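Engineer: Sequence:
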Amino acid sequence: MVKSAVNFTIVFGAFSMPLCFIWGFNINLFHTNPENNKFA
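Quick note: to get the working numbering, add 506 to the position in the sequence shown (first position is 1).
Where hints are given, some of them may not hold.
[Unchecked claim] Simulated restraints, written as ranges between beta carbons of each label pair:
#1 PHE527 with MET507: 35 to 41 Å
#2 ASN513 with ILE533: 35 to 41 Å
#3 ASN534 with MET507: 27 to 33 Å
#4 PHE531 with ALA511: 29 to 35 Å
#5 TRP529 with LYS509: 27 to 33 Å
#6 PHE514 with ASN534: 37 to 43 Å
#7 GLY530 with SER510: 27 to 33 Å
No lab work stands behind these hints: they were computed from the structure. In this text, all values refer to a predicted model and were calculated from it rather than measured experimentally. By construction, the Cβ of each residue, glycine as well, lies at the ideal position given by its N, Cα and C atoms.
Sequences are here, hints too, so could you generate the full structure?
Structural biologist: What follows is the structure, encoded as structure tokens:
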């Protein structure tokens, strides 16, 4: 039970970290380049 929880945490972290990094990078890119942000 503990091993499955650890595996779930590792898999969840492996999937969530790149998504958060890409999402944060896109938000920073839009804030630094407002003329390129279609949602502004």
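Engineer: If a hint holds in the structure, say so; if it does not, say that too.
Structural biologist: Now the hints, each set against the structure:
1. PHE527 with MET507: 35 to 41 Å: violated (31 Å)
2. ASN513 with ILE533: 35 to 41 Å: Distance hint for ASN513, ILE533 is violated at roughly 30 Å.
3. ASN534 with MET507: 27 to 33 Å: violated (40 Å)
4. PHE531 with ALA511: 29 to 35 Å: holds (30 Å)
5. TRP529 with LYS509: 27 to 33 Å: holds (30 Å)
6. PHE514 with ASN534: 37 to 43 Å: violated (30 Å)
7. GLY530 with SER510: 27 to 33 Å: holds (30 Å)
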